[in-house]
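Assemble chain B onto chain A, guided by the hints.
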Amino acid sequence: MWLKFEQRTEPSVLMRYLSPLIAVGLMLLSGMLIFAMLGKSPVTGFRIFFLNPLRDTYGVAELFLKATPLMLCAVGLSVGFRANVWNIGAEGQLLVGALAAGAVALHFPNSSSPFLLPAMVAAGALGGMVWAAIPAWLRTRFNANEILTSLMLVYVAQLMLSWLVHGPWMDPEGFNFPQTKLFQPHALLPILVPGTRVNAALFLAVGALIAGWVFMNRSFMGYQMKVAGQAENAGRYAGFSARRAIWLGMLVGGGMAGIAGMSEVAGPVGQITEHISPGYGFAAMIVAFVGRLNPIGIFFSSLLLALLYMGGEQAQQYLALPYSISNVFQGMLLFFLLASDVFINFRPRLAGRRK
Amino acid sequence: MRKVYPSVVANDGVDLTVLPGEIHAVVGENGAGKSTLMKAIYGVIRPDAGELRWEGRVVTIANPAQARELGIGMVFQHFSLFETLTVAQNVALAMPGKFDLATLSRRIVEVSERYGLPVDPRRLVHALSVGERQRVEIIRCLLQNPRLLILDEPTSVLTPQAVRKLFQTLRQLASEGVSILYISHKLDEIQELCHTATILRGGKVTGTCVPAQETTKTLARMMIGEDLPVIHHGEPTAGGEVRLRIDGLTQPTEDPFGIQLKDIHLEVRSGEIVGIAGVSGNGQQELLKAISGEQPLAQKHAVQVCGVSAGKMNASRRRSLGMCFVPEERLGRGAVPRLTLTENILLTAYRKGMTVSGMIRFGAARRFTQECIRRFDVRCGGANSEAKSLSGGNLQKFIVGREIMQEPKLLVLAQPTWGVDVGAASFIRRQLLELRNAGTAVLVISEELDELFEICDRLVVIAKGTLSPTKITSETGVEEIGVWMSGMWPATPGDGTHVA
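Sequences listed follow chains A and B, in order.
If you read the first sequence in the working numbering, its first letter stands for residue 1, the second for the next number, and so on.
If you read the second sequence in the working numbering, its first letter stands for residue 356, the second for the next number, and so on.
One chain only, chain A, in its complex shape (with noise of 0.2 Å):
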């Protein structure tokens, strides 16, 4: 018998929903195989790692508090994916977003405006944005590939924020770590649910995923966008332009990388530090594509990928495994993915042999 695979007529829609299903389940039982591997039994370690998390009010608040910033970025870099603007650099361009949102909150150390958290936010998508114009000038004057470009910006963005917070930014009286100041109470977004650390941010994530959903679904751009992506000549043939669909799909991907990076500083951190984002910006591809790329979707693979976040510290912590369990999950998760997207478009075979 062969194991044969048959282009479908049509792309399958049920594969198309059923695939990151099918990935998350894959990558559950691969992950029972590497703890039993690593000598942990695998129904603790998947107790640990998947259950865990969750266990109070406290845990959920987190999961919320760690898919914030995921769904911002997924949801923006996804509206750029669509119409095949790949901008790998959300990293980056959140902690651009994170400096100048800090820049504010540093600026103004005794306000008491209401006014500064809205300018804090406004500031962090502006300092995306600049960051995700240099890529997309680079691609439209040049066209240069804004996958390098982008990438490649993501180091510069951190070696920025190291240098900013080893030197003129450092706080004088932190005992020289390499930290800001802690923000000031009106500079900080405000705690939804007391005694957790989940905040106002959760809201503009979601208000992001509602934008972004009537955005690519009812909105002429978004649709330009999508013909874009399919068919470049199509659109060329439409008279709509390519350039704005790279400017426009960078700039959305980078303001609202950004506002995550306004979420960061102003929510859980409170201060700038080296370590604002455990690559939030990196697993927000993988958000993107478990969620297909559709906002509804990325509401929930954002809170898929925040419990592989927490299940790694859970795993660091009762296992004794290292932190980049994490990473090892969510490598899986996309390979699965990616793997079982074949499904959509081929239909698995078993023939019989040639006669």
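In the PhoX-like style, the derived pairs of lysine-lysine whose C-alpha atoms are separated by at most 25 Å in a straight line are:
| id | chain 1 | residue 1 | chain 2 | residue 2 |
| --- | --- | --- | --- | --- |
| 1 | B | LYS743 | A | LYS4 |
| 2 | A | LYS226 | B | LYS644 |
| 3 | B | LYS644 | B | LYS764 |
| 4 | B | LYS707 | A | LYS226 |
| 5 | B | LYS743 | A | LYS226 |
| 6 | B | LYS826 | B | LYS644 |
| 7 | B | LYS764 | B | LYS707 |
| 8 | B | LYS655 | B | LYS644 |
| 9 | B | LYS826 | B | LYS764 |
| 10 | B | LYS520 | B | LYS541 |
| 11 | B | LYS617 | B | LYS819 |
| 12 | B | LYS541 | B | LYS572 |
Not close to chain A: a few residues of chain B, all C-beta gaps over 12 Å, as computed:
| id | residue |
| --- | --- |
| 13 | ASP367 |
| 14 | GLU377 |
| 15 | ARG408 |
| 16 | ARG477 |
| 17 | SER484 |
| 18 | LYS520 |
| 19 | GLN523 |
| 20 | GLY532 |
| 21 | GLU547 |
| 22 | GLU622 |
| 23 | LYS819 |
| 24 | PRO824 |
| 25 | GLU830 |
| 26 | GLY837 |
For the record, the hints were derived by calculation from the structure and aren't laboratory data.
None of these values were measured; they are calculated from a predicted model.
Even for Gly, the Cβ is constructed at its ideal location relative to N, Cα and C.
Below, chain B alone, put in the same frame as chain A:
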């Protein structure tokens, strides 16, 4: 032979016998099952039931490589060439044995000269026109000395002279004992060339005949099951106001293998159909992009649409002036394959009240789509079908319908009926004539001379990036235009630049 697809029985008990040295026509409308039958013979698909005997032996052909080994070659209607590779590399991919590009290139040149199919083996396929790509496909087959050659609509993009040359080639091959399966819906060609014909309709054989003993009319009836409507051209008109003026358009090309447009002058007036004839690859693509705005120009005045200088405008702004455009490629240019028909209506027809403050009015788009499907008899699963799921002819009807329903002042069409079956082609031509009678200016760029002679009021020829003088259709003939298509037209008094 029987082959069932999820939605349709493509072949239903089809019998076909081809003798050595016979040129055998397989005739039928789009969707009649011709391509399925050929693909089964060539090993692209596996039939669900039936038996295939090759030189008396029962064989199962698992894949095209095995078919080629047996001595079966095929030229597809939809080309199977890799766009990023050169002609020689593409041919090399289909050749068994050692990979030797230099020798192969020489053989390509030999064969192409012998059979009158000029093509440069070093050129990249993406830069070739449809007609040139087809030549590559034919040459690729001939290089393998097949004993059965399958040709799917081979003449649709050739000049009359080149068709005759191809026919000579095919007759020569047949006399050497090669069997030829010739798929076409051009009945006059079949009568001229083929010894026997098998006619398919709806997946079944509806008859076999000797084409020379039939008339075009009786063949057509067997093929579509009814008589073709007669096209009434009406009186040729001089036209009214100028809707499209191309004034001294000179456009260098960025593509190293592209054609440079040289000092093009053309006027299209309301109420007339102007046709541009020419062998593909003589500047049609470049001219079309310059007219449509897909390639905006440096000179503002070189293209004027409805009296407005539009040279620098993109396609969308030119449409706002009242121009509509049907491109040569349907999937990927005229329509987005993975989007529904409703979404594809939006592509150009959104101006017809389908957006309000940046948001899409899907209701309006759906009504427009349903109207288009109904009026232009688009066979599909409904407004929510993906464009990709439609057959070539039906998608063409859809795109032509979409553009016509926008009530353009100027309609530009490239290859309006390429690969479309006779019934649908005649329908599209009638629509164009109706549009002209209603006062629209129509410009048709086509490689099918019969079509141009059937519908155009005036004709002009494009060759090597320049335009010939215009001729009133009734005052010229296929012979003259055919000669002009090779670039040889007389100089017009006071305008010596047009000598080629």
